[in-house]
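J.: The residues making up each chain are set out below.
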Amino acid sequence: MTEASKKGTEVQEDILSARTPVKRASAKGLRRLLPYLRPQLPLFLFSTLLVLVINGATLVQPYILQVVIDNHLKTGSATTSLTPIIWLAIAYFAAIAVSSGLSVFQSLIVAKLGQNTLMHIRRDVFFHIMHLPMKFLDHYASGRLITRATNDVETLNELFSDVLVNLTRDILLLVGIVGMMLAIDWQLALIAFVTTPLIILITFTIRKALRRNFIHMKGLIGRINGFFAENIAGMRLVQIFCRENAKRAEFDELNDEYCRSTLLQIKLNSLLRPLMEVINTIGIVVLVAYASRGLVDGVLQIGVLYAFTSYIKRFFEPINDLAEKYATIQSAVVSSERIFELLDHQNGQERLHEGEHLTGLKGHVEFRNVWFAYEKEDWVLKDVSLTIEPGQSAAIVGATGAGKSTIIALMLRFYDIQKGEILLDGQDIRLFRLRDLRRQIAIVLQEVFLFSGTIADNIRLGDDNIDDDQIAMALKMAYADTFISNLSHQMETPVTERGSTFSAGQRQLLSFARAIARKPAIFVLDEATANIDTETEQQIQQSIADITRQCTTIIIAHRLSTIRHCDTIIVLDHGRLVETGNHEQLLARGGRYADLYQAQFGGEAPTAAGR
Amino acid sequence: MQQFWKRYAWLYVPGLLFLGLSSYFQVLSPRLLGQLIDELNVQADLIQMTQVHKGLGALLLVALGGFVTRFTWRYFIMGNSRHLETALRRQLFDHLQQLPMQFYQQRKTGDLLVYAINDIGAIRQTFGPGLALSANTIVMSILSITSMSGQVNPRLTLFALMPVPLIIVVILWMGRQVRARFRKVQEAFAAVSDRVQESITGIEVIKAYGQEDEEVERFEQLNRRSRFSNINMTKVSAAMGPVVTVLFGISFSVSLIYGSQLVLLQQLTLGEFVAFNGYLTLIINPVRSIARIINVMQRGMASLKRYQDILSVKPDVHDLPDIKAADSWPEYMTGSLEVRDLTFIYPGETRPALRNINMSLQPGRMVGILGRTGSGKTTLANLLQRLYELPEAAVLLDGQDVRQIPLAVLRRQIAYVPQDNFIFSTTLAENIRFFDDRYTMDDIRQASRLADLDTTVADFPDGYETKVGERGMTLSGGQRQRLGLARALLRKAPFLVLDDALSAVDTETERRILNQLRQEMGRRDAACLIIANRVSALQNCDEILVLSDGEVIERGRHETLLAGNGLYASIASRQSEQTSGGR
Numbered sequence: 001m002t003e004a005s006k007k008g009t010e011v012q013e014d015i016l017s018a019r020t021p022v023k024r025a026s027a028k029g030l031r032r033l034l035p036y037l038r039p040q041l042p043l044f045l046f047s048t049l050l051v052l053v054i055n056g057a058t059l060v061q062p063y064i065l066q067v068v069i070d071n072h073l074k075t076g077s078a079t080t081s082l083t084p085i086i087w088l089a090i091a092y093f094a095a096i097a098v099s100s101g102l103s104v105f106q107s108l109i110v111a112k113l114g115q116n117t118l119m120h121i122r123r124d125v126f127f128h129i130m131h132l133p134m135k136f137l138d139h140y141a142s143g144r145l146i147t148r149a150t151n152d153v154e155t156l157n158e159l160f161s162d163v164l165v166n167l168t169r170d171i172l173l174l175v176g177i178v179g180m181m182l183a184i185d186w187q188l189a190l191i192a193f194v195t196t197p198l199i200i201l202i203t204f205t206i207r208k209a210l211r212r213n214f215i216h217m218k219g220l221i222g223r224i225n226g227f228f229a230e231n232i233a234g235m236r237l238v239q240i241f242c243r244e245n246a247k248r249a250e251f252d253e254l255n256d257e258y259c260r261s262t263l264l265q266i267k268l269n270s271l272l273r274p275l276m277e278v279i280n281t282i283g284i285v286v287l288v289a290y291a292s293r294g295l296v297d298g299v300l301q302i303g304v305l306y307a308f309t310s311y312i313k314r315f316f317e318p319i320n321d322l323a324e325k326y327a328t329i330q331s332a333v334v335s336s337e338r339i340f341e342l343l344d345h346q347n348g349q350e351r352l353h354e355g356e357h358l359t360g361l362k363g364h365v366e367f368r369n370v371w372f373a374y375e376k377e378d379w380v381l382k383d384v385s386l387t388i389e390p391g392q393s394a395a396i397v398g399a400t401g402a403g404k405s406t407i408i409a410l411m412l413r414f415y416d417i418q419k420g421e422i423l424l425d426g427q428d429i430r431l432f433r434l435r436d437l438r439r440q441i442a443i444v445l446q447e448v449f450l451f452s453g454t455i456a457d458n459i460r461l462g463d464d465n466i467d468d469d470q471i472a473m474a475l476k477m478a479y480a481d482t483f484i485s486n487l488s489h490q491m492e493t494p495v496t497e498r499g500s501t502f503s504a505g506q507r508q509l510l511s512f513a514r515a516i517a518r519k520p521a522i523f524v525l526d527e528a529t530a531n532i533d534t535e536t537e538q539q540i541q542q543s544i545a546d547i548t549r550q551c552t553t554i555i556i557a558h559r560l561s562t563i564r565h566c567d568t569i570i571v572l573d574h575g576r577l578v579e580t581g582n583h584e585q586l587l588a589r590g591g592r593y594a595d596l597y598q599a600q601f602g603g604e605a606p607t608a609a610g611r
Numbered sequence: 001m002q003q004f005w006k007r008y009a010w011l012y013v014p015g016l017l018f019l020g021l022s023s024y025f026q027v028l029s030p031r032l033l034g035q036l037i038d039e040l041n042v043q044a045d046l047i048q049m050t051q052v053h054k055g056l057g058a059l060l061l062v063a064l065g066g067f068v069t070r071f072t073w074r075y076f077i078m079g080n081s082r083h084l085e086t087a088l089r090r091q092l093f094d095h096l097q098q099l100p101m102q103f104y105q106q107r108k109t110g111d112l113l114v115y116a117i118n119d120i121g122a123i124r125q126t127f128g129p130g131l132a133l134s135a136n137t138i139v140m141s142i143l144s145i146t147s148m149s150g151q152v153n154p155r156l157t158l159f160a161l162m163p164v165p166l167i168i169v170v171i172l173w174m175g176r177q178v179r180a181r182f183r184k185v186q187e188a189f190a191a192v193s194d195r196v197q198e199s200i201t202g203i204e205v206i207k208a209y210g211q212e213d214e215e216v217e218r219f220e221q222l223n224r225r226s227r228f229s230n231i232n233m234t235k236v237s238a239a240m241g242p243v244v245t246v247l248f249g250i251s252f253s254v255s256l257i258y259g260s261q262l263v264l265l266q267q268l269t270l271g272e273f274v275a276f277n278g279y280l281t282l283i284i285n286p287v288r289s290i291a292r293i294i295n296v297m298q299r300g301m302a303s304l305k306r307y308q309d310i311l312s313v314k315p316d317v318h319d320l321p322d323i324k325a326a327d328s329w330p331e332y333m334t335g336s337l338e339v340r341d342l343t344f345i346y347p348g349e350t351r352p353a354l355r356n357i358n359m360s361l362q363p364g365r366m367v368g369i370l371g372r373t374g375s376g377k378t379t380l381a382n383l384l385q386r387l388y389e390l391p392e393a394a395v396l397l398d399g400q401d402v403r404q405i406p407l408a409v410l411r412r413q414i415a416y417v418p419q420d421n422f423i424f425s426t427t428l429a430e431n432i433r434f435f436d437d438r439y440t441m442d443d444i445r446q447a448s449r450l451a452d453l454d455t456t457v458a459d460f461p462d463g464y465e466t467k468v469g470e471r472g473m474t475l476s477g478g479q480r481q482r483l484g485l486a487r488a489l490l491r492k493a494p495f496l497v498l499d500d501a502l503s504a505v506d507t508e509t510e511r512r513i514l515n516q517l518r519q520e521m522g523r524r525d526a527a528c529l530i531i532a533n534r535v536s537a538l539q540n541c542d543e544i545l546v547l548s549d550g551e552v553i554e555r556g557r558h559e560t561l562l563a564g565n566g567l568y569a570s571i572a573s574r575q576s577e578q579t580s581g582g583r
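Residue numbers (my numbering), protein chains in the order written: chain A, 1 to 611; chain B, 1 to 583.
If you are wondering where the hints come from, they were derived from the structure by calculation, not from laboratory data.
Values in this document were obtained by computation on a predicted structure and should not be read as measured data.
Take these hints with a grain of salt, some might be off.
To be verified - Facing chain A, from chain B, some residues (calculated, C-beta under 10 angstroms):
(1) T69
(2) V196
(3) R411
(4) I414
(5) F434
(6) H558
Stated by the list, open to error - Once the Cα atoms are required to be at most 25 angstroms apart in a straight line, the calculated SDA-like pairs of lysine to any residue come out as:
(7) A:K519 / B:K6
(8) A:K519 / A:G355
(9) A:K267 / B:K6
(10) A:K112 / B:S193
(11) A:K247 / B:D437
(12) B:K467 / A:T147
(13) A:K267 / B:F18
(14) A:K208 / A:Q330
(15) B:K235 / A:K247
(16) A:K313 / A:I266
Said to hold, decoys possible - These stretches of chain B come out as covered by chain A in the derived footprint (C-beta under 8 angstroms, 3 or more residues):
(17) 86-98
(18) 198-207
(19) 226-238
Glycine included, C-beta positions come from ideal geometry on N, C-alpha and C.
Based on the sequences and whatever the hints tell you, model everything.
T.: What follows is the structure, encoded as structure tokens:
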């Protein structure tokens, strides 16, 4: 599969372009969310209804105060009885209680709505990734996939939990304030709106700058943390090579730049709110200056003036909220576009459950004139035909890039071939259910991957049909039981840090056990050349010998010494099958295999042929 | 850190001063508004426009004053906290650079990062927003309450503030609830992220074993948990604000009734009544922030303590006092590196890791060390570089105890190649040059040739300028090792130490590299120490030491050792059985 990764760059570029510039971020990205939101429509409508009541109850509060002032307290119209005021105060409190109580309820509804949606999206993304074909995965950096499924989905979470809760509330509140003011005194209201464009303009401008700088800050802190992580991991080398000063200088530069950008953030932040207060005051001053003439003329009530100043003060919050939300929405659009770009990549999603059931495979493998290329006409396998009888052991040898691993990948149908046929027990593998096919073939990969969980979990790998006894058996057969019996909780010992507490050899033994526990019809071993100490190496060899006796075994060999006893040795060269036979036959033939063998074990001056 | 104390710390004084002033301006404004209303609340013909205009002017001035002071204190205090953060981070980085190997073996990279990110962030919060919020709460409460009781009415004030203690209790209780539930949200999120990361990284295994369905099912459980924990948190967090609003609603209602009565009894003017409502509004936010202040302060203090704990770890290997300064030493020293009767016990352990080791690395010679895992090979390599503190006169360079040589000078003499080479995420060239600009591209090419890396590099898309490491191309184990070798060879140091450094390289390449190395060492008159698991790597050494359990049990040339029937011979025969089937 290394052959493919080199050529992956072009496709990667295409996918990279999904990083749409924010400007293009249109409603298109959000529209794709609609199908997810539709089931939540009743909840949404209900919440909007609640918002109407909440806002009404909020906006009536200054009005009640106005009535108290104008009808009962103002010079000239002062009442003598306190009773109406008490009733008004009760109404005032009731308004507060209603708006507060309902807003708790509304927040909960929106949270539920958002979380439901998010859960579905997250599941779809994960499901999609799990079913992506290898062809796609080869080209798509795993880090980017992880970002899609975590960060991008999390940005949508922000959209749902933060924006959605307040968006309708804010908009309706603004409309309500404007309406209320117009209703009380439309002339005065128009005067009060003089400063509004200024508020909107300044708020959005500063928010935009804040957002841009925030993204810059986030990038920098990411780099700083990365720098930290890298240097801590590589500290030994830095110290040995005495590069401390160079590293410190590099760090200082990043650190100082980050400091500068945070200072800018502080300045912008410190500007916004105080500036709004000044503008509000200007608004109030203009209002009072204008209104005081109205008062003189006797056409204006003083309570109205009071109510207006309250409304003006409430104007800023929703605008500020909206400006803030606007930025969140923008990043949500980008994230959503990226997510759907991934989800839209439908061609080649693996359908694991289609096809004929496959049980009791005997293990007969046949390749008939197989041609395969990862990219267009760049053939990796050329007209390869081979047969492996049930129970046989076969080895595939050849230089790096000869197509050894490709053969295995094709058997598992990680890729589909362009020409020819691959047959298992005489039937084309494309007929079988993928899930069944892959479960009949157990492969031990070169790089052992251990999941978090216990050792038993790692052997079982989610297959509950494998019980503890079978796991114990498998561990014993893989010669892993000795080192496991020394662990604190034997096979229930948790695997930490992706298994880095185990040696490379021990990890290899665990992955053997994983394959053995499945009682596969075909056992495939992509042999590792890693640094394994002599004792473990012997155990591994012994284990391989045991397995070979039990089922069809295919070994991709890097070191020829391990495969001398195989029934068939298949020699590949630049995608062509050049020789097959057993060790002695091939050696006697004096062909490619003999060359390879000479290169590895031959005299003091090896030829350059091996490279 | 010193820079911070000298340049920035004093700015807290004007910062706090301006914060006080800003609070003062804020408290002035309800009063001005009240006075204005009183001016207007008379018979229409009695309104004095000049007074009204004066009042409006004052209102504007106060707003402007508020703007200037608020901006200023925020800039000083918040800005200072950022300078503090920067200084702390630099200090931590400096400190980490000086810490001994031991420290890194005990602590995982992840832990250290958590310190760096969370603790420094929490400390900044305490000395920025935390400090400002508490100062603001105190000043604001005092000013508002004295204005309320002094300028308006003490009894009204008392009645109106009655719910406040209850509010504080409720806020603290709910704050704790929210934090506990938020932690669950974070845990759930971390669990989801971990699963995603793991499943994607291990997707080849999942696919090969047809485990997609099970994997999706396992993910679904975490996914549901994440949804539940989010909603569960919202139950409290969404209630917190409204509950406080309702409780303050009691205050406002009480002040509305009692205040109105006072106005009607003419003990209070309408303007004073309105001003009172204004003061009450000013108190809401400081009271609300109490929970946050306490939280920030607690976290900050805990972080500060942890941070200081890290700083108090002292490097155990450092230059002894009274030695010649680093710049008075030659770049490279001549002579041999000698180990004399070296016995070494790791700090905190009782069993010696090495016992009575004697060894000499002379110019132009190659010495090999063979031993199983845990026999003490790497310990010896580490001690040559004085990565742990050495006993006196146990390692000598050119006849001098290496403890008398500055660390920087000593380590410059030894080019060390570990088994696991860390690759920094930058270009190949930079990784070989290792951030030392004195080396040219020619140097790099030559070193790469010696390490058999040049042909590999030629295959890379951008040659030596190819980005590698976490954010670039990944290198195979063998490529990493050859890069490590090139990195070391570039330095042309008089001593080269290969610590199992070719274990992932295939036998053929290993042989070629060793041959080239042998010639190069001879040309340079440099010494080479090869530590290995495989006999094949040691065949050409002038002397081989076999290490077992910290002791040298055999020594001699390859042929001699092979002829004997010791550990060397038995390891050799077992390995040749494996690699060549009894040849």
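J.: Does each hint hold? Answer for all of them.
T.: Cross-check of the supplied hints:
no.: 1; hint: T69; verdict: holds (9 angstroms)
no.: 2; hint: V196; verdict: holds (4 angstroms)
no.: 3; hint: R411; verdict: holds (5 angstroms)
no.: 4; hint: I414; verdict: holds (8 angstroms)
no.: 5; hint: F434; verdict: holds (5 angstroms)
no.: 6; hint: H558; verdict: violated (13 angstroms)
no.: 7; hint: A:K519 / B:K6; verdict: violated (71 angstroms)
no.: 8; hint: A:K519 / A:G355; verdict: holds (22 angstroms)
no.: 9; hint: A:K267 / B:K6; verdict: holds (23 angstroms)
no.: 10; hint: A:K112 / B:S193; verdict: holds (21 angstroms)
no.: 11; hint: A:K247 / B:D437; verdict: holds (13 angstroms)
no.: 12; hint: B:K467 / A:T147; verdict: holds (21 angstroms)
no.: 13; hint: A:K267 / B:F18; verdict: holds (16 angstroms)
no.: 14; hint: A:K208 / A:Q330; verdict: holds (11 angstroms)
no.: 15; hint: B:K235 / A:K247; verdict: violated (48 angstroms)
no.: 16; hint: A:K313 / A:I266; verdict: holds (24 angstroms)
no.: 17; hint: 86-98; verdict: holds (count 8)
no.: 18; hint: 198-207; verdict: holds (count 10)
no.: 19; hint: 226-238; verdict: holds (count 7)
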